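Colleague: Chains as they are written, first to last, in my numbering: chain A, 32 to 451; chain B, 32 to 451.
In case anyone wonders, no lab produced these hints; they're calculated from the structure.
Fair warning: this is a prediction, and the values are worked out from it, not measured in the lab.
Keep in mind that a hint or two might mislead.
Remember, identical chains collapse to one label, so a pair may be satisfied in a single copy or spanning two.
Calculated cross-link-like contacts (lysine-lysine; reagent style DSBU-like; alpha-carbon spacing at most 30 Å) [what the hints assert, rightly or not]:
1) Lys131 with Lys247
2) Lys131 with Lys250
3) Lys377 with Lys116
Here is how the chains run, residue by residue.
2 protein chains.
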Amino acid sequence: MTTSIKRGRNFLHTPGPTNIPERILRAMNRPAVDFMAPEFVTISRSVFADLKPVFRTEGTVFLYSSSGHGAWEAALANTLSPGDKVLVPETGNFSTNWGKMAASLGVEVETLPGDWRRAVDPAAIEARLAEDSNHEIRAVMLVHVDTATATSSDVAAVRRAIDTANHPCLYLVDTIASLACAEFRMDEWGVDVAVGASQKGLMCPPGVAFTAVSDKAMKASQSAGISRSYWNWAERFTENNYIRFCGTAPIHLVYGLREALDMIFEEGLDAIAARHVRLSSAVHKAIETWSRPDGVRFNAVEPAERAVSVTTILTPENLDGEEVRRFAREHFDVSLGGGLAKLQGKAFRIGHMGDLNAPMVIGALGGVEATLMQLGVPLADSGVAAATRYLADTLPGHERSNAAFSRATARGTSASVTAA
Amino acid sequence: MTTSIKRGRNFLHTPGPTNIPERILRAMNRPAVDFMAPEFVTISRSVFADLKPVFRTEGTVFLYSSSGHGAWEAALANTLSPGDKVLVPETGNFSTNWGKMAASLGVEVETLPGDWRRAVDPAAIEARLAEDSNHEIRAVMLVHVDTATATSSDVAAVRRAIDTANHPCLYLVDTIASLACAEFRMDEWGVDVAVGASQKGLMCPPGVAFTAVSDKAMKASQSAGISRSYWNWAERFTENNYIRFCGTAPIHLVYGLREALDMIFEEGLDAIAARHVRLSSAVHKAIETWSRPDGVRFNAVEPAERAVSVTTILTPENLDGEEVRRFAREHFDVSLGGGLAKLQGKAFRIGHMGDLNAPMVIGALGGVEATLMQLGVPLADSGVAAATRYLADTLPGHERSNAAFSRATARGTSASVTAA
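If we strip away everything but chain A, and leave its shape as in the complex, we get (with noise of 0.2 Å):
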C-alpha cells in the first residue's frame, strides 16, 4: 500500500496560468494547418475582429507570440524613446518589473512610491502630473490588477486624473490579470495601450499575448525611437498573416483563443465580471472569517481595491508562505501562488479567474483551510463555511429563497421558513 498515489484532480488556483475549459483543449487537439490558407485567415482575423470588445476599443490589437511581458515590452517600444520620462505609479512586483522593462530599454523611469497594500492614489498621479509643466513625462504606466500584491487600481479615476491635470501623457495600461475578469473599458477609460496575454481571463494555454492600441499611441509610435522589429506596429499593421504574426502564427493558440471567445461571447463581458466579483467575494469572505492578528490575513488592507481575480494573503510572521504553498500542492492538490520580491516566504495567493465556478473556490478554500489548519495557524472561524453561505446566498436569481433560509437557519428554526 503506498500513500503517494494522487487520485482526482489539481485545483488550479495559481494566478495564471488559470483552468482551461475542455472545450478550448480540444480546440487546440488538432493538426497543424497552413496558417496562410483560407480557413486558418478566416479565423485569425475574426480573433484580431473579435478581441476588439474584449478590451471595448475601437482601436488596432496586435497579437504576439510570447508571454505578457513580450506585449510590457511592445507597449514601450512602441511609444518611448531613449531618455523619455514615465511615471510609474508603485502597486507591487509587476508595476516595478514593467518600469525595470523600461528603464533596460533606455527610458528614465520615475516612481510613485506605494506600500505595496494599496492601490494608486489617483490624487497623487495628478498632483505629480499637474507639476510636470514642461510635459516631461510621456506616459503613466499603470497596473489594472498587481497579481503580486492583488490589489485593483480604479483605472478610469487614474484618467481623470491626466485630464484634470490636463497632461497630454500616453495612458498604458497592464490589463493582463484584469482583461476578461474585471471591468475594462479601454476606450471609454481613455486607455491609450492596453497589454493583455492568453493565460488568464482568456482561459487559453499561456504564449499570446496582445497589445490593444488607440489612434493616439499609434500616432506616437511612428516618433518612437527605441529599437524594434518583432514588436513593431508598424511592421506588424497589416492583413497578411505571414507578416501580422512576425513569422509563422502560433495556430493552436489561435484556435483556442477562437473557442475562448466564443464562451465569453456566449456569457457575456458583464456577467463574467459579475461572476468574478461574486466568486472573489466568496474568497474575501473566507479570508475576512479565517483572520486574527496572529494568523492569516489579507494583504489588500482596502476592501475596496481588492482585486476579482487573485488575493494575496500574508502568513504569520512564523509561517513562510511557500510552506502553505507546498503543503497545500502536496496534500489537497490544490496549486497555489506564492508571495513575490519583498513578499517573499512571507505570503501566498490564491488565483480565481477564468474558467471558475462555486465549488471550485469552495474546494480550494477548504484545501487552504486544512492545509492552514495543518500547519497549526490559528484561524478565527471557518472560512470555507462562510464563503459557502455567501455563495448560497448570492445565487443569480435565487436571491429571495435564500435569504429566507439563511434567515430560517440563523434562527435555527425550521417552522417560521416561508416561501415569501
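Mind docking chain B on chain A? Use the hints.
Modeller: This is chain B only, laid out in the frame that chain A set:
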C-alpha cells in the same frame, strides 16, 4: 448530393508548420499547471538540457515564447550594437528578411549578392573577410536552409572560410528549417549562435523558438548595445522558471517539446538526417522526372545544394504558382507553400520535414502530379512512379532484395528474381 464535402485527411506539406505526431498532441492536451511547481520545473529543465544535443552543442540554450523571428531578433540584439556591420550572404527571402531585421535594429548590413538559385559560396565569404583587415565585420549571418529558395548552404565550409581569412567575427546561423532534419553540428562547425524553432524538424506547434549560444557569443553579449529586455540573455540566464521564460512559461509547448525530444532521441539524430535525405531524394526524383523546359523545374540548380527539408519548384511562364497551390489544396487536400518575394507567383514549395514517411511523400507527390496534369502542365514522365520506385529501392535494410526486384521488373520477367 454535394461534392464540397471533404473526406480523408489533409496532406500538410507547407515548409512549416509540419505534421504534429499524435503523441505530441496528446502530450499537450492537458490542463494548465503551476509552472513554478516541482513537476513542471523538472520537465522544463530537461527540455533545456535536451535541446543541447539536438543542436550538438555544450553551449547555452535560451527558449522563447515567440515565432522563429523572435529568436532571430534575440540572436542579433544580444551580440550586436547599433552601427556594427554584418555580412549577409544572400540565399533567398529568409537571408534578406533576417538582414532587414538587423538593419531595422540599427545594424549596417552588407549583402553578398546571390541569385536565389545557389547556396552561398564560401570562397566569396573568405575573400570578403580577408579584405576586412580592420575587422569591421562583426558577424556573418547564414541561413542554413533558406525555406524560400530551398537551397542548403555548407555551414562547416563557411566556418572554414572564416578561419582561413583569420577573421574574429561571430558566426550566426539560422537553423529553423534544418534543425532535426539535416545534419547540424553547432560546436564542431564553430557556430556562435544557432537559431531554431518548434514547428519544423521539432514537430511541435509554432510558438516557441530557441537560440543556442557559444561562450564566445555569451561574452560578446556583455558589450552588445542593441536595447533589449524580452530577448536579453543576461536576464534569462537562471534556473528560475519565471525569469528563464521571461514571464509565464509556454507550458503546453514545453510538454510538446518534451515528447518531441523523446521521439527524436528514440529515432536518433543520424537516423533522422538519413530519413530526410531519403525522403527528399524521392521528392527530387519526382521533380527530376517531371521536368521539361516548358514545364516545372527545380529552383535550386545544383543537386548537391538542394535542401532535405523543402523543395522549391518553378512553374512554367504561363502558370501562377499560387494556382498550383490553390488547386492542390482544394481538390487534392495537399497543402503546399507558395513562392516568396521575387519568386511570388513563379513557384510553389513542397515541405518534406519532420514527422514524415514514404507513403505520406508519395501521396503528396501524387496530389501535386494530378494537380499539374489538371492544370495542363506538360510532364516528361510520372514523378510519383519514379519516387515510389526510388523509395522501394532504398528501403533501409532491404537494399539487396529490392535491387533484385527492380532488376527483374526492369527486365519484364519474374523468372530471374533470385534471393541473392
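Colleague: Hints first: check each against the structure and report whether it holds.
Modeller: Tested hints:
| no. | hint | verdict |
| --- | --- | --- |
| 1 | Lys131 with Lys247 | both (24 Å within a copy, 27 Å between copies) |
| 2 | Lys131 with Lys250 | both (25 Å within a copy, 23 Å between copies) |
| 3 | Lys377 with Lys116 | neither (33 Å within a copy, 50 Å between copies) |
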